[in-house]
Amino acid sequence: EDQVTQSPEALRLQEGESSSLNCSYTVSGLRGLFWYRQDPGKGPEFLFTLYSAGEEKEKERLKATLTKKESFLHITAPKPEDSATYLCAVYHAGGTSYGKLTFGQGTILTVHP
Amino acid sequence: EAGVTQFPSHSVIEKGQTVTLRCDPISGHDNLYWYRRVMGKEIKFLLHFVKESKQDESGMPNNRFLAERTGGTYSTLKVQPAELEDSGVYFCASSQNWGYGYTFGSGTRLTVV
Numbered sequence: 180e181d182q183v184t185q186s187p188e189a190l191r192l193q194e195g196e197s198s199s200l201n202c203s204y205t206v207s208g209l210r211g212l213f214w215y216r217q218d219p220g221k222g223p224e225f226l227f228t229l230y231s232a233g234e235e236k237e238k239e240r241l242k243a244t245l246t247k248k249e250s251f252l253h254i255t256a257p258k259p260e261d262s263a264t265y266l267c268a269v270y271h272a273g274g275t276s277y278g279k280l281t282f283g284q285g286t287i288l289t290v291h292p
Numbered sequence: 098e099a100g101v102t103q104f105p106s107h108s109v110i111e112k113g114q115t116v117t118l119r120c121d122p123i124s125g126h127d128n129l130y131w132y133r134r135v136m137g138k139e140i141k142f143l144l145h146f147v148k149e150s151k152q153d154e155s156g157m158p159n160n161r162f163l164a165e166r167t168g169g170t171y172s173t174l175k176v177q178p179a180e181l182e183d184s185g186v187y188f189c190a191s192s193q194n195w196g197y198g199y200t201f202g203s204g205t206r207l208t209v210v
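As they're listed, the protein sequences go chains L and W.
Mapped onto our numbering, the consecutive letters of the first sequence carry residue numbers 180 to 292.
Mapped onto our numbering, the consecutive letters of the second sequence carry residue numbers 98 to 210.
Hint data in this document are derived by calculation from the structure and do not stem from the laboratory.
If you're wondering where the values come from, they're calculated on a predicted model, not measured in any experiment.
We put the beta carbon where it would ideally sit given N, CA and C, even for glycine.
Fair warning: there could be bad hints in the mix.
Calculated from the model, a selection of chain L residues having no Cβ within reach of chain W, i.e. all distances over 12 Å [what the hints assert, rightly or not]: (1) Ser207; (2) Lys248; (3) Thr255.
DSSO-like, lysine-lysine: derived pairs with alpha carbons at most 30 Å apart [to be verified]: (4) L:Lys221 to W:Lys112; (5) L:Lys236 to L:Lys258; (6) L:Lys221 to L:Lys258; (7) L:Lys248 to L:Lys236; (8) L:Lys236 to L:Lys221; (9) W:Lys141 to L:Lys242; (10) L:Lys221 to W:Lys138; (11) W:Lys175 to L:Lys247; (12) W:Lys148 to L:Lys221; (13) W:Lys175 to W:Lys141.
Using the sequences and the accompanying hints, generate a full structural model.
Encoded structure:
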């Protein structure tokens, strides 16, 4: 069965203190890996899709990388407004099941000023 | 562009009652997904529509859940009769092409008492 595990469950940083979030996965037929950001009371907001090992994508202070077993979301010099839950999800295609996402439990990031 | 709209945003019902959740996807998006997050757990897939057809309903918990998508536009998810374990946040997402960043709605928080 496909599994996605995110660590740590919660991360507290000081403003400007860079760090990384981890997403490890075991899935057959991986077609891509998504990173989402979720604020309280809102739905997940799309950040990145990564398709193959070695791929990297950046957006402002965020950079996502992918290997064959895990993905990292690097946060450089975070600001308080980066506080949110960050979700990792993998999608796979095969048979009648395509586009279905399997999510990790998320990492709750808190950035203190 | 209007986003994915879900309503109600909150619903509190008694065990045994019926509740219907509605999702209006982004106009022109053929793919519509329902997901659910119960407390303490990860977001889990329920089902996938392509236009008005159910492509994959492997995540539906049991036959108390019924999803429809009228004319390939909006979708409803009916829970009848509701049980305590149905409490959670129900998310809808849509996309034009699978494999890209799905757009999620803000969710419906369902509480069964």
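How the hints compare with the structure:
Against the 12 Å criterion, serine 207 of chain L stays outside the reach of chain W, whose nearest CB is about 15 Å from its own CB. Interface exclusion of lysine 248 of chain L from chain W stands, the closest Cβ pair being 19 Å apart, more than 12 Å. Listed as a non-interface residue, threonine 255 of chain L keeps its Cβ farther than 12 Å from every Cβ of chain W; the least gap is roughly 22 Å. Between the alpha carbons of lysine 221 of chain L and lysine 112 of chain W the distance comes to roughly 26 Å, so the proposed pair stays at or under 30 Å and holds.
Restraint check for lysine 236 of chain L and lysine 258 of chain L: satisfied, since their Cα atoms lie roughly 19 Å apart, inside the 30 Å limit. Of the supplied pair hints, the one linking lysine 221 of chain L and lysine 258 of chain L holds, its CA atoms being roughly 20 Å apart against a limit of 30 Å. Annotation: proposed proximity of lysine 248 of chain L to lysine 236 of chain L holds, straight-line Cα distance about 17 Å (limit 30 Å). Between lysine 236 of chain L and lysine 221 of chain L the CA atoms are separated by roughly 24 Å; this keeps the pair inside 30 Å, and the hint holds.
For a cut-off of 30 Å, the pair hint linking lysine 141 of chain W to lysine 242 of chain L stands: about 25 Å separates their Cα positions. Taking the CA atoms of lysine 221 of chain L and lysine 138 of chain W, the gap is near 17 Å; set against the 30 Å cutoff, the hint holds. A threshold of 30 Å between alpha carbons decides the hint, and for lysine 175 of chain W with lysine 247 of chain L the separation of about 39 Å lies outside it, so the pair is violated. Under the criterion of a C-alpha separation no larger than 30 Å, the hint pairing lysine 148 of chain W with lysine 221 of chain L is consistent with the structure, at around 25 Å.
With a C-alpha separation of about 17 Å, the suggested pair lysine 175 of chain W and lysine 141 of chain W falls inside the 30 Å cut-off, and the hint holds.
Checked against the numbered hints listed earlier, the structure breaks hint 11 alone; every other hint is satisfied.
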